[in-house]
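K.L.:
Please work from the sequences and hints to get the whole structure.
Protein sequences appear in the order of chains A, B and C.
Be aware that the first sequence starts at 2, since it is given in our numbering, and climbs by one per residue.
Be aware that the second sequence starts at 121, since it is given in our numbering, and climbs by one per residue.
Be aware that the third sequence starts at 5, since it is given in our numbering, and climbs by one per residue.
Keep in mind that the hints were calculated from the coordinates and are not lab data.
Be aware that a few hints might be false.
Here are the simulated DSS-like cross-link-like pairs (lysine-lysine), alpha carbons at most 27 Å apart as the crow flies [claimed, not checked]:
(1) C:K199 - B:K178
(2) A:K129 - C:K180
(3) A:K191 - B:K134
(4) B:K141 - C:K241
(5) B:K281 - C:K199
(6) A:K140 - C:K239
(7) C:K246 - A:K149
(8) B:K199 - C:K180
(9) B:K237 - C:K246
(10) C:K246 - B:K134
(11) B:K204 - C:K199
(12) A:K149 - A:K89
(13) B:K269 - C:K180
(14) A:K191 - B:K251
(15) C:K180 - B:K204
Anything over 12 Å on all C-beta distances counts as not near chain B; from chain C, calculated [stated by the list, open to error]:
(16) A117
(17) I181
(18) K239
Even for Gly, the Cβ is constructed at its ideal location relative to N, Cα and C.
Residue strings, one per chain:
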Amino acid sequence: MYIKRVMAIVETKDLSFDYIRRDDEGNVSSVNRALNDVDLSVEKGEFIAILGGNGSGKSTLAKHINAILYPTEGYVLVDGENTSDETKTLSIRQKAGMIFQNPDNQIIGSIVEEDVGFGPENIGMPTKEIWERVEEALKILGMWEYRKHSPMRLSGGQKQRVAIAGVVAMHPKCIIMDEPTAMLDPVGRKDVIRAARALNDVEQVTVILITHYMEEVVYADRVFVMEHGNIRMTGTPREIFSRVEELEELRLNVPQATRLAYELKKRGLSELPDGILTEKELVAELCRLYSTI
Amino acid sequence: MSIILDHINYVYSKGTSDEIKALDDVSMEIRTGDFLGLIGHTGSGKSTLVQHLDGLLKATSGHIYYNGEDIYDDDYDMKGLRGKVGLVFQYPEHQLFEEDVFKDVCFGPRNLGMSEKDIELAAYSALKAVKLPDELFYVSPFHLSGGQKRRVAIAGVLAMKPEVLVLDEPTAGLDPEGRDEILDMVKGLHDEDNITVVLVSHSMEDVANYADHIVVMEKGRVHMDGTPKEIFSQTEELERIGLAAPRVTYMMYELKRRGFDVDTTATTISEAVNSVIGAVWNA
Amino acid sequence: MLRELTLGQYYQTESRLHRLDPRVKLFGTIIFLISLFISQKPSCYVVATVFLICLIRLSNVPFGYMVRGMKAIVFIMMITVVFNLLFTPGETLVKLGVITITIQGLKNAIYTAIRLTYLILGSTLMTLTTTPNDLTDGLERGLGFLKIFKLPVHETATMMSIALRFIPILLEETDKIMKAQQARGADFESGGIIKRARAMVPLLVPLFVSAFRRANDLALAMEARCYNGGEGRTKMKPLVYKAWDKRAYVILIGYLVLVVLLGIFSPV
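P.N.:
This is the structure we're talking about:
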C-alpha cells in the first residue's frame, strides 16, 4: 500500500528539559526534570490536544515549540528548523504562534487593531501589508467591529480572540494554545474553542491545544496525555477516553457523557461501546441497544 | 439563624456618566446550614453580591441582617462580621504575602484579636482542614504548586473560624483533580463542621453536584431561587439568559423524547445512571 | 475609587486632537508647560485658559471625565497650596494666632494651584488623546536624535507605553487584593502612621509579586510574537505629518510668542 509521507510541522526527538534552580551564590541547588524523552510528531493540518494535570510538563513542552525554551537534551524541529539554532528563532516564532492563559498579560496594544499589528510590525512587514493582515485576522476571529476598542473593555473571551488574531496576522503554520480557556467563563470558553476549530478547519492551521477541560478535547484528531514530563497515552479522543481508569490514575477526568456511559456499563449495560464522547452518541447507542419502540 | 438581604441596591460610580446598577432590588435568604450555589454569567452581579455579605461593599440602599442584626447599624461590629462570614475571592492565592505558609494563615485570626495560642491552634486546624501536608507548613507560600497555594489561601479564611464560607469561583484555573479536591473539601466543611456555604460558580455540573439551594442572578437581579431540581427543570429559561442546565439533564430529556421512561429532573451523573438503569430494566 | 483615575490613560473617541501627530502633541505639551512658567501676569493666564479650553473642546473628551482623574492628586495640590499660603513672607493680609497669611502668599497659592491644575490637565489631555503606541512612536521619533549618544530611546519609549497600559490593570489588582485582605480582617484605615505603613505589607507584597508575574508573562508573550527590539521593526501607523499637523505647529508657536510678548509688555 502506498502511504503518502506528510512532512511533520512539529517534531521532537528525545526531548528533555531541566529546570535548574540556583542558590544565591549561583550554585545549582536543585534540578527539576520537566520533560523526559518526549517524542512527538504533529503533521500539517492536524488538531492536536495535549492533556495533563497541573505540573505535568505540558506548558514546558509548549514553550519549546515556540523557541522560548530550548531543550536540555534532544531536539525540536518546527517545519524542519531546529529551535536550538538561534538564527532560526524568529522564523520559528512566526511559523508557530503561541497563545497564553491570561489574556491580560499578552495584549500589548491599547487598541485592538494596534495589538494585532504588533507581530507583523516585529517581522518588518510593509505598512500596507500589515493593515491587510490585521483586517483579515480580525475578520477571521469575528473581532473586526471591535478594532477601535480598548482591550480593557472586552470580555475575557473577546480578549483571547484578539490575542489569537495577533498570532493569525503573522500567518503561522501552527498555533500552540496553552490553556487558553482556563481563565474564561463558559461563554468565553466556547468562543475560543470555536475559533480554534475554525482556524483548523477553514484556514488549515495546525492547532496544538493544551487544556484540562475534557469537553474541549473531543474534537481533536489526536490526543497526547502527559504526566511528570512524559507522554503517557497517545491516540484519538475515542481511544483515549475508552481508558477511563488509566486517565483517573493520571489525575484526569473524562467528558460527562463518557463518564455516564462508563458508569452505565459497570452497572450492567455491558453492550455499550467504549469511548463514547458526546451526549448525542450515548443517546443514539442507548436507543439502538435498548429501545423498545 | 440566617443572612437576610432585604431590597439591596448597589450602584457603581454613582452620579457619574458611567453609573452602573450592579445590584437591583435583591432580596434573598441564606439559611444556616445551606449549601447555596450562586450562578449567573459574568457581569450578572454575583461577585458584587458576595462582597456585600461581609460588608466589604455597602449597599446603596436596603438592609442586610446577620442572625437578625442589621449589619449597617452604627454600632455593629463589622470586623467581627468579617470573621463570621469568611469570603474567599477568585484566585485567592494572589493574596498570600507572608514568608511561610503558617504565618500567612495566622494573619486572619490575628486581625480578629485572638490570643496567640488560639491563633496558632486555629491556623493549624485550618491547614489540616484543607489537607495540606505537614511538611509544607513552614515553606514559603510562593514555592507551592497552584492547587496548594489555593488551599493555603482558603485555610487563611477558615482560620478565622467562619460560620459562613463564601467562595467566589474557587476552582477557576485548576485541573480536574484540583477542582474535585477543593469542592470535596468544601463539602466536608459543610457536612461535618456545619459551615454554611455559598459557592459562586460557572459550572452547572459543580452546582448540581454540591448545592442544595440555587440562586440564579441576571442583570443584578435575583432571577430564580429554588432547589437544584426546580431550577434545572427550567432549561429554556436558563438558556434564555445565556446559562444552561447540567449536560446530563439535557440527555435525560432526549432519552425521554425517544421513549425511555427516565427521570428528567436528574442533574448529576449518579442520578442519571440510576434512572437510566431503571428505565432499561423496566422496559 | 481607584478605578476612576484617568491620569495617563487613553480615552477612545474621534477628534482632531486624537488624529494629530503625536510629535505635535508632545511638542505642544512642552510648549504649554513652558508657557505656564514664563510669567505670572494674569493676562498670560487668561490666554493659557482660553487655549486650554479650546483644546479640551477639540478633544471631544468629556470634561467631567478629565476632572475625575484629578481627584487622586488633589491631596498633593492642597499641600503645595497650603505651604505657599502659610510660608510666603510679605505684607500681612490676615493674622490668626501664629498663622499669618500674606498678600504674596495668597497670590502664590492661587498661581500655584492654577499652574498645577493646568499642568496636569495639559499633560492628561495628551495621554487621553494619544494611544500609548502613538506616544511611543512619537517619543521615539521626536527624541530619535538622542540615539547618537547611545541612549536607548526605543527601549525607554516602549517601557513607558507598556507601563501606561498596565496602570489600570494594576489598580484593579490593588483594589482586589485590598478587599481580599480586608475580608481577612485587615485594617488599612485606622491607626498611626507606623501602624498604617505596616498594614501595607499584606497589600504590597502580593502586588509586587503580581506585577513581576505579569511583567514576566508579557515579556514572554512579546518574545513569542517575534519582538526583538526596535531593529528591523516596521510601523503599522507610520508617522507622517499632514497639513493639519503643520498648521498645529504654527498655532503652537504663535501661542508661545503671544504669551512671551504678554509676559514682557502687558501691564497686568
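K.L.:
If you test the structure against every hint from before, which numbers come out violated?
P.N.:
Numbers 2, 3, 4, 9, 10, 12, 14, 17 - these are the hints that the structure violates, sorted from lowest upward.
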